[in-house]
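Colleague: Below, each chain spelled out in residue letters.
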Amino acid sequence: MGVLNAVLGAVFDAFFAPLASLGPWPGMIAVSVITGILMLLIFKKTSNQEGIRRAKNQIKARLLEIRLFKNDTGRTFKALGAILAANVRYMGHALRPMLVMIIPVLLILAQLNLRFGSASLPPGGQAVVKLTLADGVGAMKTPIVLRAEQGLTVETPPVRIEEEGEVDWRIRGDIPGRRLLTFDIGGTTVEKIVSVGQTQPAKVPTLRTRSFLDLVLYPGEKPLPKGSPAAAVEVIHPSQRLPLFGGGVHWLVAFFVLSLAAGFALKGVFKVEI
Amino acid sequence: MNHSEKKMHGEDPRDKALCRRAFLKAGAGAAALAALGPGGGLVRNVFGKAAGKGKVLILGIDGMDPHLTGVWMKQGLLPSFAKLASRGSFKRLMTSTPPQSPVAWSNFITGMNPGGHGIFDFMHRDPKTYLPVFSASATEEAQKTIRLGDTILPIKGGTVKNLRQGRAFWQILEDHGVPATIFKIPSNYPPVPSKQRTFAGLNTPDLVGTYGTFNYYTNEPAEINEDIGGGRIHTAYVIGNRVDAKLPGPVNTFKADRPESEIDFRVYLDPAAAVAKIAFPDREIVLKEREWSPWIQVRFPLIPTQSVSGITRLYLKEVRPNFKLYIAPINIDPADAALPLSTPESYASELAKKFGPFYTKGLPADTAALDNGLLDEEEFLAQDNQVLEESRAILDYELNRFDAGVLFYYISNLDQRQHMFWRLLDPKHPAHDQALAGAFGNVIEKTYREADEILAQSLAKIDKDTSVIVMSDHGFNPYYRSFNLNTWLLAEGYHKFKNPFKKVELDIGFPSTDWSKTKAYGLGFNGLFINQSGREAEGAVAPGAETDALVREIAAKLEAFRDPDTGEQVILRAGVSGDIYSGDHVAEAPEITLEFNRGYRISFQSPLGRIPRDIVENNTAKWSGDHMGAAEVTQGVVLSDRPIKAESPALYDLTATILQAFGIERPEKMVGKPVF
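Chains as they are written, first to last, in the working numbering: chain A, 51 to 324; chain B, -2 to 673.
Hints were generated in silico from the structure; no laboratory data involved.
Since the model is a prediction, treat every value here as computed from it, not as a measurement.
For every residue, glycine included, the Cβ atom is placed at its ideal position computed from N, Cα and C.
Check before you lean on any hint, since a few could be wrong.
Only pairs whose alpha carbons sit at most 20 Å apart, straight line, appear in this in silico SDA-like list of lysine to any residue [what the hints assert, rightly or not]:
| id | chain 1 | residue 1 | chain 2 | residue 2 |
| --- | --- | --- | --- | --- |
| 1 | B | Lys285 | A | Glu212 |
| 2 | B | Lys351 | A | Pro173 |
| 3 | B | Lys514 | B | Asn496 |
| 4 | B | Lys350 | A | Phe295 |
| 5 | B | Lys285 | A | Thr203 |
| 6 | B | Lys350 | A | Asp234 |
For each label pair, taking beta carbons as the anchor points, the in silico distance ranges come out as [unchecked claim]:
| id | chain 1 | residue 1 | chain 2 | residue 2 | range |
| --- | --- | --- | --- | --- | --- |
| 7 | B | Asp393 | A | Pro288 | 23 to 33 Å |
| 8 | A | Leu91 | B | Gln294 | 42 to 52 Å |
| 9 | A | Ala60 | B | Glu217 | 49 to 59 Å |
| 10 | A | Lys276 | B | Ala269 | 30 to 40 Å |
| 11 | B | Gly174 | A | Pro76 | 36 to 46 Å |
| 12 | A | Pro288 | B | Glu447 | 27 to 37 Å |
| 13 | B | Ala135 | A | Leu145 | 57 to 67 Å |
| 14 | A | Val204 | B | Asp462 | 28 to 38 Å |
| 15 | B | Ala269 | A | Pro288 | 54 to 64 Å |
| 16 | B | Arg280 | A | Ala60 | 31 to 41 Å |
| 17 | A | Met51 | B | Asp279 | 22 to 32 Å |
| 18 | A | Glu199 | B | Gly51 | 49 to 59 Å |
| 19 | A | Leu156 | B | Ala390 | 36 to 46 Å |
Could you put together the complete structure from these sequences and hints?
Modeller: Have a look at this one:
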């Protein structure tokens, strides 16, 4: 998973690099449109296009039947039943492409979340750093030290929570850039990147972990090595929204609206029955 | 003395707290959420540009005293004020009667006296219940609702209404196309309808609907007293190294039984170091001992689809040996305002976007926490300094875009610090503490110098077409001695208890009073009311000649009263409403307004109807400076870059002066006259 994340990360970095100076929207629009097209093509290749066409036609026909025989209650109910059945068939035809699409879409979403989900710490901004220890590594008995490279300051001593297997600190971002925190956990070193003063679509990795699901959802850093005394390291960055007309919109909303709009707009071009 | 002995002697710390904040806490309760429901509305454009190039900048510095200003100007400590005075004028400014901030600022806002704008005190009274009510605003809950089980859904949203009468000067400017930005002027909550940029000031409640209720969590038995004014103290149980607690929020008006909303939070203490993590549902923070948190947003769930958010700051006072956590009153979040804060509505969120969260509660300094010893002087000042920093940043922003019309900017710190630190400036004060005076005796002087820096900051930003006025609503007096009006009325036979052997009533709301034999009662900070038949629920004095004669009789006796310990006159003048007020609302005024001598004030107990034993007693509270005196001993200041011709300018004269600057005629009901 770590290798896949690294490859995907490089692809997305290359994609966003020429657009980064234009702000967050060009990159978001481009990714959304390409994803919309990709979803169209997957849908076309993996769905039963003829079956979908037939189900939709049946629905249209039954709707027409309801309109023509609106005074015949029995016939109306029968047509409604047929519409329901056609709908089920339609969804059945769409199920396979949905299953195929779910994995690439999830990977794309994870990459977008890395760039648009959390805000970089503003210079002077504070954040909580949360170290979750691996089973058997005690928060009290293990000597744990957090060091920050120049550009970051560790502002508090650790708060050791034995029953949660957790240690917390507060840090402050001082100088913009990708800064490094280094944890010394009983002689083992663990690192965590902190983003300071960077603008969208810069990568803001929040969680470094070794759980498989978290590796899928948080691809910003290499997974923690097996046997690490740390189970996860998290820097709680503020969430952020895409700027829109003086307000903001969640990146996920923007992505789905744009990708669906692209898909519907281009379905004729790619001759896809949706 | 133990607690109950202190209570019997009228020195219960809770008594001290029963000032305006206690009243608000007791009376406001559920107000905050009543205005929820359909709200919002479309964002309106900021009002347009004025014709002409003249501009007027007004710095409203609450409580700036002419005597102290004059002394420190002469000593060269206030160079910017001195510079302004040398270019124009420095004069005493006649305040309102009584010189309470909501009254005084209403005089300035409307150009009328209290008889015209109808604000006579921080609190008015309901003659049908003899209970105090807010003078400044009233909340009407949703009138149309649907009930689904125990859930009540508002169909037509409730409203909050500003009770001040008369038009605000910026509304008149708006009629004539003159733009204005009015930042945090008191007595403008909710902001009156306007297209001008206005932001509500004094009287703006916190999220729970009071003028400020902090929460304090401790396991120190001496501090656990759940009934203090302006705050709630919660017992904290430290189990292991963890504290589980609840933060109370506004009353949930979506529920039929109107429970208090709350959110759970957990504090993790490090087993050895003086540091803790505080975990709210949406936010975690790490604080060292004696550290303030930044603003955090707290969201109170009401029903599955509704919640209300506010902002607060935390102060981890102590980790060990005792746990002490202070949570500031929950301010209305300017980014997501649950109650009206500004006109246009977008102005609040515009400032929040620019500056992040900032204090929106009317008087942000937590004087109650200092008064009750839960924050010390240094901690109080740390909090109040942040208020000032935020204020200066927003002033700078407004000055940078001030290109036409009027900019009014309000500063609260001087008033609040004179209330709390006068005892350390004045060795004669009963609460003077020599050791503390060494560390904090210069706080008031320092705050005047900070005000001077704010003027310097402003003068550096304005152009030659801008006129500058610095003004205050009132000055300040020491508060040495407390007068118990209701005790005096009882002693003089104007107030009667049901039990003739009873001498003291320490509960609020006159529970022991025999109204059928009572002729007068005191409610509010300066007001005395006649128990008039046909108006009061159990009136005993006929209106007309009988009332008039009684009023004159009581007024004469009040003015003749002397402090039994010092021989000094306590009340310089007992102002009869018909003599001192004019306008459409004179009939709503107290029959007599007490205008105190310098050094005297109404007690903390009397405004809500408590009747302690002594008529006059020493004030040993930290709340040690005040401004409830007669207008002539509590005058404010006005400084201008133009010579003021008026012999004795008054607050309402400045209103007329602003209109004159733009060639606007005074409205008929405005009593003020231009000073230039």
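Colleague: Determine for every hint whether it applies to the structure shown.
Modeller: Evaluated hints:
{"no.": "1", "hint": "B:Lys285 - A:Glu212", "verdict": "holds, 19 Å"}
{"no.": "2", "hint": "B:Lys351 - A:Pro173", "verdict": "holds, 16 Å"}
{"no.": "3", "hint": "B:Lys514 - B:Asn496", "verdict": "holds, 12 Å"}
{"no.": "4", "hint": "B:Lys350 - A:Phe295", "verdict": "holds, 13 Å"}
{"no.": "5", "hint": "B:Lys285 - A:Thr203", "verdict": "holds, 15 Å"}
{"no.": "6", "hint": "B:Lys350 - A:Asp234", "verdict": "violated, 39 Å"}
{"no.": "7", "hint": "B:Asp393 - A:Pro288: 23 to 33 Å", "verdict": "holds, 24 Å"}
{"no.": "8", "hint": "A:Leu91 - B:Gln294: 42 to 52 Å", "verdict": "holds, 43 Å"}
{"no.": "9", "hint": "A:Ala60 - B:Glu217: 49 to 59 Å", "verdict": "holds, 58 Å"}
{"no.": "10", "hint": "A:Lys276 - B:Ala269: 30 to 40 Å", "verdict": "holds, 32 Å"}
{"no.": "11", "hint": "B:Gly174 - A:Pro76: 36 to 46 Å", "verdict": "holds, 42 Å"}
{"no.": "12", "hint": "A:Pro288 - B:Glu447: 27 to 37 Å", "verdict": "holds, 31 Å"}
{"no.": "13", "hint": "B:Ala135 - A:Leu145: 57 to 67 Å", "verdict": "holds, 59 Å"}
{"no.": "14", "hint": "A:Val204 - B:Asp462: 28 to 38 Å", "verdict": "violated, 51 Å"}
{"no.": "15", "hint": "B:Ala269 - A:Pro288: 54 to 64 Å", "verdict": "violated, 30 Å"}
{"no.": "16", "hint": "B:Arg280 - A:Ala60: 31 to 41 Å", "verdict": "holds, 34 Å"}
{"no.": "17", "hint": "A:Met51 - B:Asp279: 22 to 32 Å", "verdict": "holds, 30 Å"}
{"no.": "18", "hint": "A:Glu199 - B:Gly51: 49 to 59 Å", "verdict": "holds, 56 Å"}
{"no.": "19", "hint": "A:Leu156 - B:Ala390: 36 to 46 Å", "verdict": "holds, 43 Å"}
Going through the hint list in order, the structure does not satisfy hints 6, 14, 15.
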